[in-house]
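Visitor: Model the full assembly from the supplied sequences, consistent with the hints where possible.
Chains as they are written, first to last, in the UniProt record's numbering: chain A, 1 to 167; chain B, 1 to 180.
Since the hints were derived computationally from the structure, they do not count as laboratory data.
Incorrect hints may appear among the rest.
[Stated by the list, open to error] Partner residues are not named here, just some residues of chain A that face chain B (Cβ under 8 Å, in silico):
id : residue
1  : SER71
2  : THR74
3  : ASN76
4  : THR77
5  : GLN79
6  : ALA85
7  : LYS92
8  : LEU95
9  : VAL98
10 : SER99
11 : ILE104
12 : ASN136
13 : GLY148
14 : LYS149
15 : MET150
Virtual Cβ for every residue (Gly too), placed ideally from N, Cα, C.
Residue-level listing of the chains:
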Amino acid sequence: MHSFGYRLNGLLTFAVTILALMCVIASLSDNLNIPSPSAEIQIMNINWFQKQPKGSDEVILTMNISADLQSLFTWNTKQVFIFVAAEYETRKNSLNQVSLWDAIIPAKERAKFWIRSSNKYRFVDHGKNLRGKEFNLTLHWHVMPKTGKMFADKIVMSGYSLPEEYI
Amino acid sequence: MGWIGDTVDSIKSIQIRQLLTQVVSLGMIVTSALIIWKGLMCVTGSESPVVVVLSGSMEPGFKRGDILFLHMSKDPIRAGEIVVFNIDGREIPIVHRVIKVHERQDTGEVDVLTKGDNNYGDDRLLYAQGQQYLQRHHIMGRAVGFLPYVGWVTIIMTEKPIIKYILIGALGLLVITSKD
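Guide: Written out as structure tokens, the structure reads:
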């Protein structure tokens with residue numbers, strides 16, 4: 001009953017249980033943080049708007065993205081993954097979300113930034129519906145903790161639209 | 001002579017009782033583990049409520065050896081969610097992020113494109129021949145939480161099965177030789 005094996009077993013079980021409890025408490029402490037992020041996106045230029053040989057519309061555009069996401073970081077945050085998605089509706093699809101650009105913010109100091117970039121990923125439609133289309137640009141963020149529950153949220157910015165004719 | 005016979009009898013009966021008790025307690029441990037696992041499956045709505053991250057395609061967010069907790073609800077799949085999916089013909093599930101969603105007006109079905117955060121290109125190369133998008137039935141769950149490093153136990157046991165046998169053997173030995 002008091003052999004080395006039993007003592008080791010008891011110790012290990014206790015250690016693992018306490019570790020698991022600490023992870024849960026660390027994760028719960030994230031709920032105390034109330035974030036207040038802000039962001040702004042401007043479309044500087046539509047560089048390319050054509051229909052592909054196969055048939056779907058494609059857009060290449062340049063954006064100015066500025067954001068302040070410092071309030072999302074807690075002591076339990078490993079990184080924040082952000083991405084900008086264009087969201088629009090077409091006759092056939094009730095919702096289309098196309099991710100245009102993403103980035104990983106590893107630390108609080110880098111969470112307030114300004115960047116000008118063209119879209120990292122191809123903005124291709126499921127058809128030829130983009131002429132004159134109005135769309136929202138949404139900045140989504142995904143808080144990935146050191147341990148525990150992940151949080152995600154977004155800011156929707158509306159009022160953007162594509163030209164009526166191909167460029 | 002009768003006294004020896006009595007002693008032998010009593011020893012035999014104790015041993016059988018002890019053996020049966022140990023078998024039953026072992027059975028109880030195994031069954032309660034199974035109950036917890038199946039219960040988790042029910043609560044999270046996913047076939048596999050816990051998965052181990054096997055590749056580095058989601059670094060630096062998820063490293064090899066982390067475990068992810070999954071949850072599958074009826075909510076529609078939206079861009080940015082981290083989903084676990086199976087490709088037809090491959091048994092290992094893949095954990096990547098959704099970057100494109102096209103949801104149809106009439107049926108509400110979705111076409112979804114995924115990409116690993118650390119990969120350069122999207123996952124079309126991983127999908128089956130001719131498959132451009134994933135549908136909802138491919139997706140096993142959404143990742144909602146994670147624990148670092150714990151999955152290494154599973155990875156070691158899968159890649160070096162010897163350790164699995166040693167562990168089970170040692171546990172079995174511990175149960176059999178325990179005197180209480």
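Visitor: Quick check on the hint: THR77/A CB to chain B CB, less than 8 Å?
Guide: With Cβ-Cβ at 11 Å, over 8 Å, it is violated.
Visitor: Can the hint on THR74/A be confirmed by a CB-to-CB distance to chain B that is less than 8 Å?
Guide: Hint violated; THR74/A Cβ to chain B Cβ min 15 Å, cut 8 Å.
Visitor: Should the interface hint for GLN79/A be scored as holding, given a Cβ-Cβ cut-off of 8 Å against chain B?
Guide: 6 Å, holds
Visitor: Taking the least C-beta to C-beta distance, is LYS92/A closer than 8 Å to chain B?
Guide: 6 Å, holds
Visitor: Go through the hint on VAL98/A and say holds or violated, using the shortest Cβ distance to chain B against 8 Å.
Guide: Nearest chain B Cβ about 5 Å off; hint holds.
Visitor: Min Cβ distance, SER99/A to chain B: is it shorter than 8 Å?
Guide: 4 Å, holds
Visitor: Under the criterion of a CB-CB separation shorter than 8 Å, is LYS149/A in contact with chain B as hinted?
Guide: Check passed: Cβ of LYS149/A comes within 4 Å of chain B, closer than 8 Å.
Visitor: Does SER71/A meet its interface restraint, that is, does its C-beta lie within less than 8 Å of any C-beta in chain B?
Guide: 19 Å, violated
Visitor: Can you verify the interface hint for ALA85/A: is its Cβ closer than 8 Å to any Cβ in chain B?
Guide: 5 Å, holds
Visitor: Does the nearest C-beta of chain B fall within a distance shorter than 8 Å of the C-beta of ASN136/A?
Guide: 12 Å, violated
Visitor: May I ask you to test the interface hint for ILE104/A with respect to chain B, counting a Cβ-Cβ separation under 8 Å as satisfied?
Guide: Holds, because the Cβ-Cβ distance from ILE104/A to chain B comes to roughly 7 Å (cut-off 8 Å).
Visitor: The hint names MET150/A as touching chain B; please verify it with the least Cβ-Cβ distance against 8 Å.
Guide: Check passed: Cβ of MET150/A comes within 6 Å of chain B, closer than 8 Å.
The structure shown violates the earlier hints numbered 1, 2, 3, 4 and 12.
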